[in-house]
Amino acid sequence: MGAAAGRADYADARLVRTRHERVGLRDGAIEALERGEDEGVGVRVRVGGAWGFAACGEPTRAGAERALARALEVARSQRPAGGAELAPEPPARGERSGPCEEDPFAVSLEDKLELLAAADAALRAQPGLAVARSELSALSTDVEFASTEGALFHRRLTECGAGLVATAVNEEGAQVRSWPASHGGSVAQAGFEHVRRLDLSAAAPRVAEEAVALLSAPPCPAGLQTLLLADEQLGLQLHESVGHAVELDRVLGREASYAGTSFVSAHDIGSLRYGSELMNVTADGTSPGGLGTLPWDDEGVEGQAVPIVREGLLRGFLSSRETAAEIGLERSGGCMRADGFARQPLVRMTNVNLEPGGAGTLEDLIADTDSGVLLDTNRSWSIDSHRLQFQFGAEAAWEIRDGRLGRLLRNPTYAGVTPRFWGSLDAVCSASEWRLASVVNCGKGEPGQVARVSHGSAPARFRGVEMGVA
Amino acid sequence: MSAAELAERALEAAPAGGDALAHAEAERSLMLRFARSRPTQSTAVSDASVEVAVVREGHVGRASTNAADDEALAACGARAAAAADAAARAGGPGPFPGFGPSPAPRSHEGHDRETARLDPATGAAALEVAFAAAADRGVEAHGVWTAGEVDRAVATSAGRTVSERVADAFMKVVCIGPTGRSGYASAAAVAVADIAPAALAGRAAALAAVEDEPAELPPGEYPVVLEAAAVGELLELLGRCAFNGRLHAEGQGALVGRLGTRVAAPAINLSDSPRFPSTLPRGFDAEGVAKAPLPLIEDGVAHAVVHDMASGALAGERSTGHASAPGGESFGPVPSNLVLVGGGAADVAELAAPVERGIYVTRLWYGNVVRADEALVTAVTRDGTFLIEDGEIVRPAADMRLTDDALSVLAGVQALAARAELVSDGELYGRRFARGSVCPAIRSGAVRFSGRVG
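In the order they appear, the protein sequences are chains B and D. Count the first sequence with our numbering and you get residues 1 to 470, in order. Count the second sequence with our numbering and you get residues 471 to 924, in order.
Bound conformation, chain B alone (with noise of 0.2 Å):
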């Protein structure tokens, strides 16, 4: 950074090693098996308050002073955009690696082949299965940061994670389920270990079964219904109407040509109310397991916990040092990530997690609903630009019948608003039932980036939702 010192108001660099892997197989046969390495250097000045960013493939000296001089030369071509000073952060210094039990990357292709040629076989076991897919993932990044303001530190970060697609069809259409989630499975900042966990084989045959249950089912009847949600589904409606609404460089109106702003405002904390006294929200940073646990994020800021909803109240955003101090908070959130070195920072999610209730089990949760429905894994998903309005869709739904669960529903979907939507929560599982589901496919930013993070939540009850809208 020494070269940088005096040519910028600030700046600091990021030296990243990315491995990754990932096999699938899809009926019987390889679908996938991919291995990559890359390595670069990206270094981000801030010149007037514009931030100027260069990456490169060569994590050299020579590199990372090439990447510098473009940095400094893209910068200063522009006007200079008077932004508000960083919020201060003491230099993170240190290193520290995320948990990992077993290297993934240790582990031999014949035993990732063979874990998932057991889930294959037993998914295909199903008659009438038309696809059958099993695949495994595992993602090791290594991260050396470097600061004007004299930061230095280095990470390590292992993800591994995997999943089951089963998908039926017949002359009606097709109907998929998934497992433990859709989109890449259930993925973890952990070691191999978490895959063994999650024992796909045994989970097969019900995935497989109610695949092709789903092709005679009744669809999902519209209307408005009681709406049960758990694990990925809630998960996702937390990222997309929650998570994505409180980033403070949307409310800023700094994505709104892309990712779009927010119905939320700066000034909204304290008064805005978002949802039930139930409601109550934290991004936290430190989730254990979490894919949005950092010890520091991509500007040097420690992983913490940020109250973003209390008791349904707004009470904290998702922010960056610079985002910080433009609305006067004394600190970031530490949410600046980048996708490898070739993307700057920008303001992602950290785990943002619905805390849990009260309401026992899902199983009490189910025995205390008259009427309404429980919809399991995410289809579909599409909301607007401000945060407001949401559409999903969901592979499966189970009637819920005086307490109890019902047939089998085919097609559910459901829409909203999201401050109406969080108001009628009216009942949140207890801490027994909390659990991580992950997002590894969040895209934002300009050229894209793609973020992984995870989402703690027990099951919740929502009274009055719009069902059957597609």
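Fair warning: there could be bad hints in the mix.
[Claimed, not checked] Some chain B residues close to chain D (C-beta under 8 Å, calculated; not the full set): (1) Glu34; (2) Ala213; (3) Ala217.
[As the list claims (entries may be wrong)] So the derived list for chain D, only partly shown, Cβ under 10 Å to chain B, looks like this: (4) Ala556; (5) Thr851; (6) Gly900.
[As the list claims (entries may be wrong)] Computed footprint of chain B on chain D, listed as stretches where at least three residues anywhere in the stretch have a Cβ under 8 Å from a Cβ of chain B: (7) 488 to 495; (8) 527 to 540; (9) 670 to 683.
Quick caveat, the hints were computed from the structure, so don't treat them as lab data. Keep in mind the model is a prediction, meaning the values are calculated, not measured. For glycine and all other residues, C-beta sits at the position ideal for the given N, C-alpha and C.
Go by the hints and put chain D onto chain B.
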């Protein structure tokens, strides 16, 4: 080092024997973002990477690296071979047919030297023009200006190397007025000189500066006039659920059992045309297969879906040159250069003229496939939605959520504008691969809106 040299070196460094391919891409790009009429973030990227794919007994192992030294390339090839070997040992014979011969790709005019200069001053000047146009209308400008150059090559163990150098430029302006009303305009082209920042910003600012109270329309079916950008989003979604050869072969696609039948209005002629005027030309796909014009819907009749080698093998057909990775991606192949032929309407005003009460949509956003087999898609209108009454676009309308069968929307098309333009959403995830559709504005008779936004 050129992409062709990198691909050939990677292939030479891979373990000998069997069928193998190397796909190299070198990106140089610059993107300038702006918000609230100020520069915000700029990103310059310079990087090259290579992906090696090795086939063993019908299984593909892949490995990639962005290091170009001999040791790293050898390690990359060894990883790919080890993956393919492990797959062959574990799975018996696999379905992949191998990287067979392909006709040489045809040349195209997809590169522009001036664009490839990536001059930040050109971008900065474009931003200043946008800021001035917004200020003239009392609104603020948000958006991006970007230019890039990508050098691509595929080398195969059969001794064939194909390469191309392409450039692209894109500018998007979203203007937001004091009332929160917004307007949108964008342009994509091979040459940065073909991007007109003043015209874009002026159009976006004019849409945002409208002060009338927006009409609140209840959910239901409405005749619509869709601007080219909105049509492009629908076509993109249709590409994923209808023309995806893997989904089709597995019985999950929207055209299963419908090829050879009428699925759209007779005026609909849709193709994947990689060298059509004003498109972003591409000569070959990630498996080195030459791209060629492919009619998808002719006079309303569905004709074909697109394939990579894996989906082609599954369907008993040949690759159409639509692989996005050697060996194919798990989501299947999708069109890359959609072209919807224009009609006879002079402009949007003429399209709106027969509409008694309907909706004019500038742009659809956050589109997603709800159920692929039904071509059921959803998206919200954004940055310029208007009410049409008695044949005229009369005043703003609140944004709406469209949820409908995308093929039904095409089946209901009554008229198309004469001018087709390249529309792109400028999404550049991962290695830069700029793409877009060439399409005109259309009028469709009845489109379902499932909800009001906000």
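Hold the hint about alanine 213(B) up to the distance rule: shortest CB distance to chain D must be less than 8 Å.
violated (17 Å)
Please check whether alanine 217(B) passes as an interface residue: C-beta within 8 Å of a C-beta belonging to chain D.
Violated, because the Cβ-Cβ distance from alanine 217(B) to chain D comes to roughly 14 Å (cut-off 8 Å).
Glycine 900(D) as an interface hint toward chain B, with CB separation required under 10 Å
Nearest chain B Cβ about 8 Å off; hint holds.
For the stretch 670 to 683 of chain D, do at least 3 residues have a Cβ located nearer than 8 Å to some Cβ of chain B?
Coverage by chain B is violated here, the residue count being 0 at a Cβ distance below 8 Å.
Verdict on chain B covering the stretch 527 to 540 of chain D, where coverage means 3 or more residues with a C-beta closer than 8 Å:
holds (count 10)
Hint validity - threonine 851(D) Cβ closer than 10 Å to any chain B Cβ:
This hint holds: threonine 851(D) lies near chain B, its Cβ roughly 9 Å from the closest one there, short of 10 Å.
Min Cβ distance, glutamate 34(B) to chain D: is it shorter than 8 Å?
holds (4 Å)
Verify this for me: three or more residues of the stretch 488 to 495 of chain D with a beta carbon less than 8 Å from a beta carbon of chain B.
n = 0 at 8 Å, threshold three: violated.
Restraint satisfaction for alanine 556(D) [CB to CB of chain B, less than 10 Å]:
holds (4 Å)
Hints 2, 3, 7, 9 from the list above are not met by this structure, while the remaining hints are.
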